[in-house]
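Protein chains: 6
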Amino acid sequence: MKNKTKLRFGLPKGSLQEATIEKMAKAGFNIQVSSRSYVPYVDDEELEIRLIRAQEISRYVEHGYLDCGITGYDWIQENNSKVHEVGEFLFSKATRQPARWVLAVPENSPVQSAKDLQGKRIATEVVGLTKRYLKKHGVKAEVEFSWGATEFKAHELVDAIVELTETGSSLRANKLRIVDTLLSSTPRLIANHVTWKDKWKRHKIETMALLLKGALEAEAKVGLKMNIAEKNLANLLQSLPALRNPTISNLSLKGWVAVETIIDEHVVRELIPQLKAAGAEGIIEYPLNKVVY
Amino acid sequence: MKNKTKLRFGLPKGSLQEATIEKMAKAGFNIQVSSRSYVPYVDDEELEIRLIRAQEISRYVEHGYLDCGITGYDWIQENNSKVHEVGEFLFSKATRQPARWVLAVPENSPVQSAKDLQGKRIATEVVGLTKRYLKKHGVKAEVEFSWGATEFKAHELVDAIVELTETGSSLRANKLRIVDTLLSSTPRLIANHVTWKDKWKRHKIETMALLLKGALEAEAKVGLKMNIAEKNLANLLQSLPALRNPTISNLSLKGWVAVETIIDEHVVRELIPQLKAAGAEGIIEYPLNKVVY
Amino acid sequence: MKNKTKLRFGLPKGSLQEATIEKMAKAGFNIQVSSRSYVPYVDDEELEIRLIRAQEISRYVEHGYLDCGITGYDWIQENNSKVHEVGEFLFSKATRQPARWVLAVPENSPVQSAKDLQGKRIATEVVGLTKRYLKKHGVKAEVEFSWGATEFKAHELVDAIVELTETGSSLRANKLRIVDTLLSSTPRLIANHVTWKDKWKRHKIETMALLLKGALEAEAKVGLKMNIAEKNLANLLQSLPALRNPTISNLSLKGWVAVETIIDEHVVRELIPQLKAAGAEGIIEYPLNKVVY
Amino acid sequence: MKNKTKLRFGLPKGSLQEATIEKMAKAGFNIQVSSRSYVPYVDDEELEIRLIRAQEISRYVEHGYLDCGITGYDWIQENNSKVHEVGEFLFSKATRQPARWVLAVPENSPVQSAKDLQGKRIATEVVGLTKRYLKKHGVKAEVEFSWGATEFKAHELVDAIVELTETGSSLRANKLRIVDTLLSSTPRLIANHVTWKDKWKRHKIETMALLLKGALEAEAKVGLKMNIAEKNLANLLQSLPALRNPTISNLSLKGWVAVETIIDEHVVRELIPQLKAAGAEGIIEYPLNKVVY
Amino acid sequence: MKNKTKLRFGLPKGSLQEATIEKMAKAGFNIQVSSRSYVPYVDDEELEIRLIRAQEISRYVEHGYLDCGITGYDWIQENNSKVHEVGEFLFSKATRQPARWVLAVPENSPVQSAKDLQGKRIATEVVGLTKRYLKKHGVKAEVEFSWGATEFKAHELVDAIVELTETGSSLRANKLRIVDTLLSSTPRLIANHVTWKDKWKRHKIETMALLLKGALEAEAKVGLKMNIAEKNLANLLQSLPALRNPTISNLSLKGWVAVETIIDEHVVRELIPQLKAAGAEGIIEYPLNKVVY
Amino acid sequence: MKNKTKLRFGLPKGSLQEATIEKMAKAGFNIQVSSRSYVPYVDDEELEIRLIRAQEISRYVEHGYLDCGITGYDWIQENNSKVHEVGEFLFSKATRQPARWVLAVPENSPVQSAKDLQGKRIATEVVGLTKRYLKKHGVKAEVEFSWGATEFKAHELVDAIVELTETGSSLRANKLRIVDTLLSSTPRLIANHVTWKDKWKRHKIETMALLLKGALEAEAKVGLKMNIAEKNLANLLQSLPALRNPTISNLSLKGWVAVETIIDEHVVRELIPQLKAAGAEGIIEYPLNKVVY
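Sequences listed follow chains A, F, L, U, C and D, in order. When we follow UniProt numbering, the leftmost residue of the first sequence carries the number 1, and every step to the right adds one. When we follow UniProt numbering, the leftmost residue of the second sequence carries the number 1, and every step to the right adds one. When we follow UniProt numbering, the leftmost residue of the third sequence carries the number 1, and every step to the right adds one. When we follow UniProt numbering, the leftmost residue of the fourth sequence carries the number 1, and every step to the right adds one. When we follow UniProt numbering, the leftmost residue of the fifth sequence carries the number 1, and every step to the right adds one. When we follow UniProt numbering, the leftmost residue of the sixth sequence carries the number 1, and every step to the right adds one.
So that you can see chain A by itself, here it is in the shape it has in the complex (with noise of 0.2 Å):
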């Protein structure tokens, strides 16, 4: 089979593949895709990248075919895949939530709840999945692969669809109702069975998803500074929680301190007018590579 001292890691061709590649840069792998080869350039001697897409991921990491690699829950579960699954990643810091593979229809239609499919005709990528949801229901309707453009088809040619969103941006400019939600799905990293037995790749692995997560941590986080008078800080402390465990350092200037923390990105927002508001000063809020606890 593999080499031993080398790890045969699938990365998510297509859609995911650039913000994939991009976290790997900040976890410290550097990979360079080449439009003439398929097996791409990473800067270390001990992996080897294969780009595979996001659906099939998880069924050549089950075969052995990968040792680990990067995709879906959703399609993990589609493909009923058994796989070792590491750890999970959100990637998007934008929205800070999961995908969802959600069950919708036309607005004015009279499906309400899954109850309402009965009889009725759906399309989707996620065949399995849907199948599997309707059963749960105990409702019989037929489910159909849809090849794309499958918001288009609930309003001509099926009865609702299950179809993936984020924002349901995408849903509402198409007039379409959400119902349900079938399954949220963020990035996983999952591995083969045998290969975590082994221990130098299992420690390789761990190491990576270590280093992942210390990118993608770091994403959603920030650095925070600021100088406040030394009487304030007691209540700048008591009064805002999120700046747990600060760095506490003086400043030349007499009855001066400085105060520095990591804190969530998406509370700097409201948190800035409250510091303010508390007597800092010199507020700095800086970015960050990792974040490893």
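No lab work stands behind these hints, which were simulated from the structure alone. Some hints could be false.
In this list, chains with the same sequence are indistinguishable; a pair is considered to hold if it fits within one copy or across any two.
List time: in silico DSS-like cross-link candidates among lysine-lysine, alpha-carbon distance up to 27 Å [as the list claims (entries may be wrong)]: (1) K276 - K213; (2) K276 - K23; (3) K140 - K115; (4) K254 - K231; (5) K120 - K136; (6) K199 - K175; (7) K82 - K120; (8) K26 - K276; (9) K197 - K213; (10) K213 - K135; (11) K276 - K6; (12) K276 - K197; (13) K276 - K199; (14) K26 - K213; (15) K82 - K175; (16) K221 - K23; (17) K197 - K221; (18) K221 - K276; (19) K6 - K175; (20) K120 - K6; (21) K82 - K131; (22) K175 - K254; (23) K197 - K82; (24) K254 - K221.
Small disclaimer: the values here were computed from a predicted structure and weren't measured.
Based on the hints, put chains F, L, U, C and D in the right spot on chain A.
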């Protein structure tokens, strides 16, 4: 009218769009524009974003269709809009210069000042501004609206143009000479007068202005750290007024201190050689996300 | 000749252009290239930028049309230019490897060393370098200038090629085997010999070299901070020589200190697991703009 | 003024540009537009081409900066230009319909006719046309210039729009309803009144109009040939008036003739089944470059 | 159901889309696809166009959501759809070959025929076709759906692939060997069985088939005219059977005739030298729009 | 060497590639270039196509790696290649002019003829041609190879350039003046001298030359038909020598004849008004695919 608990915010569509959305993200508001929908997604339920041409935003803020918006000072003036100006921003880190509407003529034109335009024909996108400028100088000339390619017209079709420039390089490449500057323009955050009297909305707008200002401030500034022998510290601080209010901390190495401060990025290229000359070592410059005084 | 108070600086047009302009911006010099003009804008009145093909820069620096310029070591050698070399830079953070001009042949070619080229035909863009290489090995072969698609020629039109490669992946994809390396090449800042004797110009060039070096140094390095119990500190520092000269500061939490240092980014992926094992907590990696020792 | 032996000809820059240059080539005048120059090359030494926005051409023809030009009837009307109209053309072979400026409102708007616009606000690119239309209907309403994305405004920012449409599909996709048509517009060849009195120039313009008309005519027509038994010929010609003035010639096969004619391309799809039914065989349709009656 | 006086026509979205719309235009039906709408415009009020993936069209024709459609024979078979096949077309003028689904393996694979696949794993987009093929050969193997990049999988992830090819050049470039052809596929016009019984709809579909066939026929044919001395005519016609049923007409030059005919474009390159040898002069080849026998 | 029954044919890669492949298709040889392979597909089993830079083709034809190829006369001369020239072609229908290598200087340069170049520096892509030109004029000057952007160099880096131009518009836009023409160049079909002696190969090449010539001839020509009263016919033919050897046929309308001929497309724009004046009616111009005399 509009929902009291939502703020309708107009951002400039077109050439400024990408920069504005990037600045908003730095301020903490992530916006996603979809090609399928005119209503962008924003990760703040209190906001409703609209993308509207910069030329029109002040008009729609004045009429109350928008609560507030970001647009150029030039178009507020051209439209003669009655709006509340909340703040001024400088978007271009590179040039650190406002855009200017200038009167320009071919290099070999006899026109040397506004006075020489008597009886001439001028093409421009800002017909109102140009007419007011001519009136101020007591000059009568025909001003015609230019739908584009204005620079080219100065050579054949009209006697002079009033055109937007930042560095002047496009005018130079077209063999045009700047005669006068009519208006310097920077991006402004403006609010509708009624909106501004609403306590909740005003607070929301002021918070956004604070965060946006903090993000833009941070683009023009950097953090600077260095180590220096304690005996050289006084000399360093005295001779380099740019290093105002630094944080001084002790190093583990006896007799040495670390100096840290926030300074304008554009002085760094002159400052670093001086710092080295003054005995500083291990000089580090790092990026900032926000600076709020 | 050129104005004494302006420095005419040549940057490589083409494949290196974007990277060079990005590095210049990091060094503090913002350049804007306009499609309408061959003379880019730079926010420094003491500079005049020219974009010229990397292959030609050393020739124009030698003749004094440019005061200085950035180009590859390969083309300085190929042109045999008499110029002053001010400094060497490594642009590619990802691979941390210089580009190499290599002698390559089809995988199944009998050619195993330079000697086997006797009487053969070689295609290359660097005819001069290749002829000198053959002469050094006492080999007579025909060298012809290749206008492009050199890798393809090795299979049909010539016996061997001398081609540029970084990771070798394009050669591998084309079923070519590397026989020998003729030259490793990195970007260089070079100056005209007369310019170098001009005090003002030399000082200007040296300052730019310092800043550019600081910016490139910063790309390969990161800041690292962590907290550790005081009792574990000595052990940590002793076992990890990469953490040289750290800044140690006290935390508000008794018995704990903060450790901060600057290290090579490419060791981070191995260091972080070790730091955790040694008792470090709250490990933070942050990016740098410049590092000047 | 301009050289008597050169005709300065304005063509529309922008959305109509490619189509116009293609039609000119079909008429026999090959034009090459260079990104580096505002003055296109044309293979006729008696012509000087200028590319100017369609909105502005009639203005510059009126003032004599151009001898003649091609622009839409809409902009001649909007600018109220005093020019000589030489000819009308239909550029779009596919739809065979003139573009129309229509008054449109949201599908569910109460506005049913011009009268319902009293006191309302209308956005449009053709402010002059719209104001005249309202005046004709005795309606007072505010008309504001729209810089773009006009269709979107009808839903939120204004009560109605006046917008250009060809097939109406974009309006329908935006859920807008057409209330009235203000103007149908086709491309026109126009000339300056003084130019038109110059014998040489007028002859040149008329020749170009003839050739352009011939080229456009040919786009909408095709050649049709078929074989038919002589005995069926009279019946064929009688029942199919579209086949006017055909050329009849004898075939080598006794009793058979070849019929050839020029007809409108858009009747072919109905004609061919009828021809077959009438006994025609070997029906051939072939393309034309020019048709001049 | 659908309006009796409208025919709902499905065209393949995606890779065949542009070619299909071009052929439809040649047949006389001009279609405009808008990025804003899923319903294209067509200049025939009796038609409603839908763009649907080629893989799905036969399914929706079978169910009656579409009256008829154009799709590949391969997907009709893969979907096992019960539809009426109206006609077969060959779209690619260049290769004049149908697309083929072939079984392919790496060049050095031991697999020489279907029999060698026993117990192997095969990746393909046409799972149904592949399973039927294996069954026919009495072979048991695992067939898995491939989401893309199938050619690459043959080297690492599976033992064989079933993939679409036209000239085989992509397979060759990927070092794959064709073992067998499962199916040759050409575009087909298909109709729903109920639709086909409706007199008006059937007539409409047959007319479209006639015109489309005429347009495609014309792509593969050309008109040929030449002059020849009467005494050489008999010899010319006898020796060149390709010139069947030519039109012969007299020239004004005594003793000379003009010969005109329609022939396959792909024989022209061999015919012209022969025609010259036989005494033909002034040989003219001209393009055709439609050929209907 | 190469297979006797295959002809290896080199076509110019790059700027001429698209035009050449289009001409080859018109001649009857359909070529498909794949991004994944250097060997294009051609629908003729007797041909093997290679895409090679125009600058190099004559060199590889001379050495016998190619049997024949299409390249510019300029590069045959620059390379001084010993090849058999089979035919000359003119590709550009629009300008009907060969490309020219010209000596150019800034508009205000003192250089007025080759003689003024004594001791100067010249940049060019055709170093060999330029040196021979200077030698012929008894001038000594430095000639350096230009890697691109040659026009820009004439203003700053060198005294003159030798550059390729078709219409001269790019030179004019760059404020350069043409001093002299060194060489006019058209595409040529060339063959290796050994190949040319092979009977089968020579016949194959001659056939291709015939067809290619026929296709190019057809691009510059059109078919013209018109009806005219018999009494005006003699006058028409006498006064219009361009209408040589027309085909005259009788119309069904008594006293009228149809006149048909093939003429140069570029005289049509002058001819049509004259034909109308002479009484011609129903004038039709139609396109041609091939014209072989």
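Inset, instruction - Evaluate K221 and K23 at a C-alpha cut-off of 27 Å and name the case that applies: within, between, both or neither. - result: Both: 15 Å inside a copy, 18 Å across copies.
Legend entry - Alpha-carbon proximity context of K82 and K131, limit 27 Å: both (19 Å within a copy, 25 Å between copies)
Inset, instruction - Indicate which option fits the pair K26, K213 if close means a Cα-Cα distance not exceeding 27 Å: within, between, both or neither. - result: For K26 and K213, both the intra-copy (10 Å) and inter-copy (23 Å) Cα distances are at most 27 Å.
Inset, instruction - With 27 Å as the alpha-carbon cut-off, assign the pair K197 and K82 to within, between, both or neither. - result: within (15 Å within a copy, 51 Å between copies)
Inset, instruction - Give the relationship of K254 and K231 under a CA distance limit of 27 Å: within one copy only, between copies only, both, or neither. - result: Result: close both inside a copy and across copies, 12 Å intra and 20 Å inter.
Legend entry - Identical-chain pair category, K276 with K199, by Cα at 27 Å: between (52 Å within a copy, 19 Å between copies)
Inset, instruction - Since the copies are identical, ignore which copy is meant and state whether K6 and K175 lie within 27 Å (CA to CA) inside a copy, between copies, both or neither. - result: Only across copies: K6 and K175 sit 23 Å apart there, 50 Å inside one copy, limit 27 Å.
Inset, instruction - At 27 Å max between alpha carbons, let me know whether K26 reaches K276 within a copy, between copies, both or neither. - result: The answer is between: 19 Å across copies meets 27 Å, while 33 Å in one copy does not.
Legend entry - Intra/inter-copy verdict for K120 and K136 if alpha-carbon distance must be at most 27 Å: So K120 and K136 pass the 27 Å test inside one copy only (16 Å; across, 35 Å).
Inset, instruction - Evaluate K82 and K120 at a C-alpha cut-off of 27 Å and name the case that applies: within, between, both or neither. - result: between (32 Å within a copy, 20 Å between copies)
Inset, instruction - Using 27 Å as the alpha carbon limit, work out where K254 and K221 are close: within a copy, between copies, both or neither. - result: The answer is between: 26 Å across copies meets 27 Å, while 31 Å in one copy does not.
Inset, instruction - Indicate which option fits the pair K197, K221 if close means a Cα-Cα distance not exceeding 27 Å: within, between, both or neither. - result: neither (34 Å within a copy, 35 Å between copies)
Comparing the model with each numbered hint stated earlier shows that hints 6, 10, 15, 17 and 22 do not hold.
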